[in-house]
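Trainee: Make the full structure from the sequences, and use the hints.
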Amino acid sequence: MSLITIDKASMGYEGKTIVRDLSLKINEGDYVCIVGENGSGKTTLMKCLLGLIQPLSGIVSYGDGLKQNEIGYLPQQTIFQKDFPASVDEVVMSGCLNKKNTLFYSREQKKTALENMEKTGILSIRKKCFRELSGGQKQRVLLSRALCATHKLLILDEPVTGLDPIATLDMYALIKNLNKSGITIIMVSHDITAAVNNASKILHLSKNDYFYGTAHQYLHSEIGKKFMITDCPCDVCQHEHSGGGVQQ
Amino acid sequence: MIEMICEMFSYNFIIRALIVGILVSLCAALLGVTLVLKRYSMIGDGLSHVGFGALAIAASLNLAPLQVAIPVIVVAAFLLLRLSENSKINGDAAIAIISSTALAIGVVFVSVSGVNTDLNSYLFGSILATTNADAVMCGILALVVILIFVMFYNKIFAVTFDESFSRATGLKTGLYNTVIALLTALTIVIGMRIMGTLLISALIIFPALSSMRICKRFSTVIICSGVLSVCCFFVGMCVSYSMNTPTGASVVIINAIVFLIFWAVSILNGKIKRK
Numbered sequence: 011m012s013l014i015t016i017d018k019a020s021m022g023y024e025g026k027t028i029v030r031d032l033s034l035k036i037n038e039g040d041y042v043c044i045v046g047e048n049g050s051g052k053t054t055l056m057k058c059l060l061g062l063i064q065p066l067s068g069i070v071s072y073g074d075g076l077k078q079n080e081i082g083y084l085p086q087q088t089i090f091q092k093d094f095p096a097s098v099d100e101v102v103m104s105g106c107l108n109k110k111n112t113l114f115y116s117r118e119q120k121k122t123a124l125e126n127m128e129k130t131g132i133l134s135i136r137k138k139c140f141r142e143l144s145g146g147q148k149q150r151v152l153l154s155r156a157l158c159a160t161h162k163l164l165i166l167d168e169p170v171t172g173l174d175p176i177a178t179l180d181m182y183a184l185i186k187n188l189n190k191s192g193i194t195i196i197m198v199s200h201d202i203t204a205a206v207n208n209a210s211k212i213l214h215l216s217k218n219d220y221f222y223g224t225a226h227q228y229l230h231s232e233i234g235k236k237f238m239i240t241d242c243p244c245d246v247c248q249h250e251h252s253g254g255g256v257q258q
Numbered sequence: 194m195i196e197m198i199c200e201m202f203s204y205n206f207i208i209r210a211l212i213v214g215i216l217v218s219l220c221a222a223l224l225g226v227t228l229v230l231k232r233y234s235m236i237g238d239g240l241s242h243v244g245f246g247a248l249a250i251a252a253s254l255n256l257a258p259l260q261v262a263i264p265v266i267v268v269a270a271f272l273l274l275r276l277s278e279n280s281k282i283n284g285d286a287a288i289a290i291i292s293s294t295a296l297a298i299g300v301v302f303v304s305v306s307g308v309n310t311d312l313n314s315y316l317f318g319s320i321l322a323t324t325n326a327d328a329v330m331c332g333i334l335a336l337v338v339i340l341i342f343v344m345f346y347n348k349i350f351a352v353t354f355d356e357s358f359s360r361a362t363g364l365k366t367g368l369y370n371t372v373i374a375l376l377t378a379l380t381i382v383i384g385m386r387i388m389g390t391l392l393i394s395a396l397i398i399f400p401a402l403s404s405m406r407i408c409k410r411f412s413t414v415i416i417c418s419g420v421l422s423v424c425c426f427f428v429g430m431c432v433s434y435s436m437n438t439p440t441g442a443s444v445v446i447i448n449a450i451v452f453l454i455f456w457a458v459s460i461l462n463g464k465i466k467r468k
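Chains L and C, in that order, give the protein sequences.
Last residue of the first sequence: 258 in the working numbering, with the numbers rising by one and none dropped.
Last residue of the second sequence: 468 in the working numbering, with the numbers rising by one and none dropped.
To be clear, the hints were calculated from the coordinates, so they are not data collected in a lab.
Worth double-checking, as some hints may not be accurate.
With a cut-off of at most 20 Å between alpha-carbon atoms, the simulated SDA-like pairs for lysine to any residue come out as follows [claimed, not checked]:
id: 1; chain 1: C; residue 1: Lys409; chain 2: L; residue 2: Arg141
id: 2; chain 1: L; residue 1: Lys92; chain 2: C; residue 2: Arg410
id: 3; chain 1: L; residue 1: Lys138; chain 2: C; residue 2: Gly463
id: 4; chain 1: L; residue 1: Lys190; chain 2: L; residue 2: Ala225
id: 5; chain 1: L; residue 1: Lys138; chain 2: C; residue 2: Ser412
Counterexamples of contact, computed for chain C against chain L with all Cβ distances above 10 Å [what the hints assert, rightly or not]:
id: 6; residue: Ile212
id: 7; residue: Val432
id: 8; residue: Trp456
For glycine and all other residues, C-beta sits at the position ideal for the given N, C-alpha and C.
Mentor: Next comes the structure, spelled out in C-alpha cells:
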C-alpha cells in the first residue's frame, strides 16, 4: 500500500476548481517534486495533502499507517516571523506538540528536538534568537521543527526561496540525506533543474493537464522538454542533437 | 515617598482601583504579546471603542453597564477576528470603521439622553468607577487568563509563531484564536473603566513592545511584559496620586517612557555588538 493515494481528485476553493481529475500514488521513500507555473495549483494540492482543505471531489487518502498529525511541514516564512522574539530551541520544540497532549514538554520530546537539531546542524546555535539568524539558518530551524513532527513524511513549500546559492545547495543536500534516511519527501519548487537532479519523481501541474513520473521520464516528456531550458545530457538526446548537426 | 504610599493605601477606593488595575495590566500584558506578534494590536483599540458605545447606551437606558458591555464586546471580538482573517476585506480599515462608528453612537446616546454622566470619565477613565463587584470579577478574570496562559503556553506559542504549521500538524488553531479574542474582550471591558476607552489599548501594546526590544526568548518576553506592566501601573498610580494627574493617562505615559528606555537600550546593545 502506498503512503498517499490520490484518486480522481479535484481541488480548489469555493467551487472554483484549480486542480482537475488528479490521480497518483506516492510510495514510502519517494522524493517527489511538484513543479508548475504560478496558479497551476501547487499550493492547493499541498494544502489538500496536509488536510487543510478537503478535495472538491475524488479521494485523497493516507496509507501505511500514516496519520494526519504525523506529517512534517515546512511552510514559507511569514513576515510575522521577521521580528519574532523566540529562541531556536523554542521554535524547534513547538514541532513536538502534535505527538502527546501534555502541558509541558517531556524529556523524550526534548531529546527528539536535540536529535533533530543535530541532524540539521543547528545544535551550536540553539540558544540564539530566531530573528537574528541568516536565511539559511532559519530554514534549518524550521526544518528541524518539521522533523520533530514526523519521522515518515515531510512536505516542503519552496524551501530554498530567498537563500543564497551556497545555502541552497546545503539545503538540497540536507533534504537528500533525510530522504536517504527513509523519510518520504514532497517538495513544491520553482527550481526545475534542481528538482530533476534531486527528486525521484516529478509531478508537473499545468492548467488542464499534469505529468507524473520519474525524473528520467519527465526529461523525455513533451511537457518536460518544454520546461527544461538546458539540454538533456543523456545519450539518446545527445545523439539526436549531434545527428541534426551532421545533416547541416 | 514611603509616607505618600502609606497615605495612598489608607483610601479604600484607591486600594480597590490598584488591585483591579494591577490584575488588568497583568492580563493585558500576557494577551498583548500574542496580539502584537500576530499583528492584531488594533483589535484592542477597536474593542474598547465598541465598549464605549455599549457603556454609553447602557447608561442612557439605565441598565447595568457590565451586563450590556460584556456580551456586546465579546460579539465584536469575534467579528473583528473574522474580519482580520478574511483577506477579502481590508482588516485595519474595517477596524477603523467599526471603532469610529461605535464611538459616534456612544457620544450621540450620551448627549441625546442627557444623562448626567461625565463623558470624560468614560473616555479617559476614572479610578472612582470601580466597585467591589468589579474587583471580584477582575480577580476571577485574572485567574482565568493566567491559568489558560500557563496551561496552553506551548500551544499559544506555536499558534502565534506559525499558524499554518500548527494547523497542518493538527492543532486546533481556530479554538486558540477564539479563546484569545474572548479573554481580550473581557480584559478590555474591565480595564476600560479605570484606563478609559481611549487609553486601554496602550496596556495591551506597550509592555509587549517594550520587552520585545530586549528579550530574545518568547518565555522571557511574556514574563518581562507581565512584570513591566504591573510596575508601570503601580508607578503611574503613584504619580497620578502625588501630582494629581488623571490615572489612565499617567499610566500610559509611564509605559511610553519605559518603551523609549528599552528602545534606546536595544539600539545601544546593537551598536556594541557590531563593534
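Trainee: List in ascending order the numbers of the hints, as given earlier, that are violated by the structure.
Mentor: none
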